[in-house]
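S.K.: Assemble chains B, C and D onto chain A, guided by the hints.
What follows is the residue order along each chain.
There are 4 protein chains.
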Amino acid sequence: MDMTTADPSDLRVGWIGTGRMGVAMAERLARAGVRLTAWNRTIAKAEPLKDHGADVCGAIADLRDRHVVFTMVSASADLEHVLLGDGGLLADPGHVPGIVVDCSTVSTETSVAMREACEERGVSFLAAPVSGNGKVVRAGQLSLVVSGPRPAYETVAHLLEHIGKSATYVGEGDTARLVKIAHNLMLGVVTQTMAEITVLVEKGGVSRHAFLEFLNNSVMGSAFTRYKSPAFVNLDYSPTFTPLLLRKDFDLGLAAARGLDVPLPVAALTAQLVQASVGTGRVEEDFSILLDLQAAASGLELKPENVAVDDGLGPASVEDPS
Amino acid sequence: MDMTTADPSDLRVGWIGTGRMGVAMAERLARAGVRLTAWNRTIAKAEPLKDHGADVCGAIADLRDRHVVFTMVSASADLEHVLLGDGGLLADPGHVPGIVVDCSTVSTETSVAMREACEERGVSFLAAPVSGNGKVVRAGQLSLVVSGPRPAYETVAHLLEHIGKSATYVGEGDTARLVKIAHNLMLGVVTQTMAEITVLVEKGGVSRHAFLEFLNNSVMGSAFTRYKSPAFVNLDYSPTFTPLLLRKDFDLGLAAARGLDVPLPVAALTAQLVQASVGTGRVEEDFSILLDLQAAASGLELKPENVAVDDGLGPASVEDPS
Amino acid sequence: MDMTTADPSDLRVGWIGTGRMGVAMAERLARAGVRLTAWNRTIAKAEPLKDHGADVCGAIADLRDRHVVFTMVSASADLEHVLLGDGGLLADPGHVPGIVVDCSTVSTETSVAMREACEERGVSFLAAPVSGNGKVVRAGQLSLVVSGPRPAYETVAHLLEHIGKSATYVGEGDTARLVKIAHNLMLGVVTQTMAEITVLVEKGGVSRHAFLEFLNNSVMGSAFTRYKSPAFVNLDYSPTFTPLLLRKDFDLGLAAARGLDVPLPVAALTAQLVQASVGTGRVEEDFSILLDLQAAASGLELKPENVAVDDGLGPASVEDPS
Amino acid sequence: MDMTTADPSDLRVGWIGTGRMGVAMAERLARAGVRLTAWNRTIAKAEPLKDHGADVCGAIADLRDRHVVFTMVSASADLEHVLLGDGGLLADPGHVPGIVVDCSTVSTETSVAMREACEERGVSFLAAPVSGNGKVVRAGQLSLVVSGPRPAYETVAHLLEHIGKSATYVGEGDTARLVKIAHNLMLGVVTQTMAEITVLVEKGGVSRHAFLEFLNNSVMGSAFTRYKSPAFVNLDYSPTFTPLLLRKDFDLGLAAARGLDVPLPVAALTAQLVQASVGTGRVEEDFSILLDLQAAASGLELKPENVAVDDGLGPASVEDPS
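Residue numbers (this note's numbering), protein chains in the order written: chain A, 507 to 828; chain B, 507 to 828; chain C, 507 to 828; chain D, 507 to 828.
Bound conformation, chain A alone (with noise of 0.2 Å):
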């Protein structure tokens, strides 16, 4: 399909993936009026979308006729079966989208493969991961990071601003991979952090809130410290994402790294505390448990302060029209 003569208000665009992440990412794009179409394994789970004015088809190869399909879906090998499998949306090379962007969280080697497979069919092949968890969608904190042509990326910018607040991008190829995997190790290490000093300031008198109130209203304040603080402050380890997640992405960083011969100090004995809160066990719960492994090495009993705390996405922000 020939995208050079698309009107950018005039592009026709496919969704596949409506799960927590998913349907909330498309709903961003049919709000802001995009002409949108949605499908979904489980259909259910795509139908709250045509309140918002998108429809939803029962066949991913309704999308093959797309300018524009994104993809978000769970792992490597569902983003392969949805492109390549029978009645993929690349299945038929004569009868395929302008472009497809990525937003799943994939390895490199099937980012490789799946722009290797739309290179071939004349698709072009965004990576496009994100920064935030479903809740960060809603509250229209979303960023995106990209690589791959730069043309298709400048014919889909604005709807990447529709889906969050801020899209950049990094280059050719797949290195908005390699970004999303080193801001991951970020995360980690910043947490595993936020646990040493939240643990040592409460062993020296301050309460858990007032030190990450402070802490992010100062200039080390973050959005992510910000909705990690309820946990940290009443202990509600209900999982945005496991121990054994984060190790993976660890996994993932530390191969890069090595690949790249790049040492890690910091990052690599991150993964390793990660790898002990593994150990535990509890690896169905949020790993926010850093820091009670933290206040176990430090003699500390922790007790739930019972205080609300503001996760900085809250009902304002989820009303935000964008």
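If you are wondering where the hints come from, they were derived from the structure by calculation, not from laboratory data.
None of the hints are false.
Which copy is meant is left open, because identical chains are indistinguishable; a pair holds if it fits in one copy or across any two.
For lysine to aspartate or glutamate, the following EDC-like pairs were computed, each having C-alpha atoms within a straight-line distance of at most 20 Å:
id, residue 1, residue 2
1, K556, D568
2, K641, E791
3, K671, D817
4, K709, E678
5, K809, D742
6, K709, E615
7, K709, D757
8, K709, D767
9, K641, D817
10, K809, D767
11, K671, E660
12, K551, D568
M.R.: Only chains B, C and D this time, still in chain A's reference frame:
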């Protein structure tokens, strides 16, 4: 001085210390309409405050009748001198201000000693160290963390809000000092982590400015990561904070942790990497040289990218009348 | 071949691989009076064994009728080739030796595969990697760690004692490979630690040779610290083991630990420091260059001390008839 | 006292401090035929030395006329007391011994102060801390590291050789203290590393006793790894050295490194792990509990293996007449 009858809008305020940080903080108070008189050893540095409606005095003794006196000096010895030295603020026990608010970075020992000296004279002492540098102050983004008697805090809270964007009360005594140290440990770890992952992605083919733009927009982005980005991108290591100063904070933090029986694996490792940066002899540069050490360890030669990078503290913010 | 009836002193032994390590090990067997026939790809390297009473053969197939065949080759692929390649030891299933003892450093995967290939043909396979280098062998200080069928171990135990000073049986299967990897992790950590503390005392005014003499005589002294001492004292980095080889062992060790859910904080950090030594590009030198990196990080310029240092593997030992 | 005319075999020697270590060291001197008089606060602890030909005296002052006096006391304050306190060895400036050899573990500050006090009185002071524990002494395996005036060292060298298996002279002044501290850093790192790799191989199916037997026989084996092995195998954590004592040595070592601008990444990390062991509250046990922490972090429940393990300090050695 009995503070309980003071009408907040009527507080007469003194300010001791108008160095780079102090003058910017005092200016914000003056511009907010607070009745302010400032003193500085080199009086010329205080003069510009007159343009914003403040008075300048020639002797610390002139500030003994204030309701509140702020101190913002360079080091522990300076604080001891302006409070207890000849002609110091507390040198005449029968003639003292109601509240002293110290925003300097001083040792916990000095903080405790000054608190005791104040208490003996019936003066309330608040420890109120800050997170940020001069540019952060002018951008209206300074954060303060405060400890000491709660009534004193409540009396001055509205003043603190003029000085920065937030002030967090963390409890009695000198705990604010510990909180500030904990904050600075995080600052060091985050910088080292930024160095690790920035070099990682650069070896993977991503420019530093593109990567940091994404990072700053992501949930991991903070005011700090933003204002460190120009140095990382363009290798401008003009000092805002030197390796020696950062090492001093790690010394304090690790000593506090040792005293409280708290292991800090990631912070302790970072301290060693900061020490290694001192080992290069480049102790007059910014501690961002951690990036150079990481690059050298990775066999990467860094070059300035010569790209304009927003530090998040731009002119618009500077003109913010707060 | 039925081994149960074999008289120990009557075992006919084959040896495959007479490189630097292999020839020294085989020589010790031959000198002990064992009936030995050796094969090597470059036959000239095996010839010196004749001086010690061994035979040399021109084809691996000539060793198929031995009770026991040792293998000591360079890498996993070599082992696969000499066992299963054309004309390999196991290429004729009806005509195989009783026991294969592999002393090479190969991957656990290859070890498992060779074990299975042996078992299919009724051959007992012992994994028997070693701790030491060629000079250690000649000094009679080699240690072997052995895993596999216990009866096979018992049959060859007296042979192993001729080869080195000890052989330790650690269980069934390929666990000896893991033990060897664990041993090499310690080797890396100890070297880094020697580098740290040697530089520490040198900056404190103690010569490296005096310090290491004490250390070697102390309860911390090992054969390893002794034979690394000359390099540390005189900065002779002629390779015995390169940073790349050490990194490979750390890769294997950390992968094994990851697979077994074992955090290795100190080993993982050391791996990053080894990676940093690779980052210098000095990959052809000995991994003792860790000392140089430590010195550079400490602002210390090292100079050779030009002092004769006993490596503990001296001529007296070499002439030890074992 | 003029030492230059003293015939070595004729030296009259005093000994202060016959605690667990001291009595064993003094006994070795006495058994070697040295003319020895011992003093101890609790005189009963010195009495057994009479069986080996030594005398026991009731006052430190009785030792002021000795050529050489050894001190082996518990802590810095004790050393200051026996030398400079009322009735102390140096309390009468006109009546002092020729050489004081201090084998205690004291701070560098105390060492410097005692050296100066000796010099003022014309007494040569040797710092001679030791590596080993009481059992190591009796096994004849103690090592001493010595600093101070070289002529004094040469005068006493033959005595030191009776006490242990070696004495290493490392230079003027108090550098022997730094060397001892450096040695103890290595002791901590090696123990943590043993914990890491022992748990690694145990999760991989190898018993601790088999693994440690190999390790001890390998080039990495030291007297230390040998005498720690029984605790690791049978989980007997009767203290030889507590986590608190080890932490103190890390405090000293890291402070020395900080003062000398030497980063110690691996030692500093180990210090945090030692701190975490203190955090368990098990401060009365041996620091071998690092093994327990490693096992817990690995999700492994340790059980005593109930296997007799040679600690390398056996009865044969004890009976060594030296």
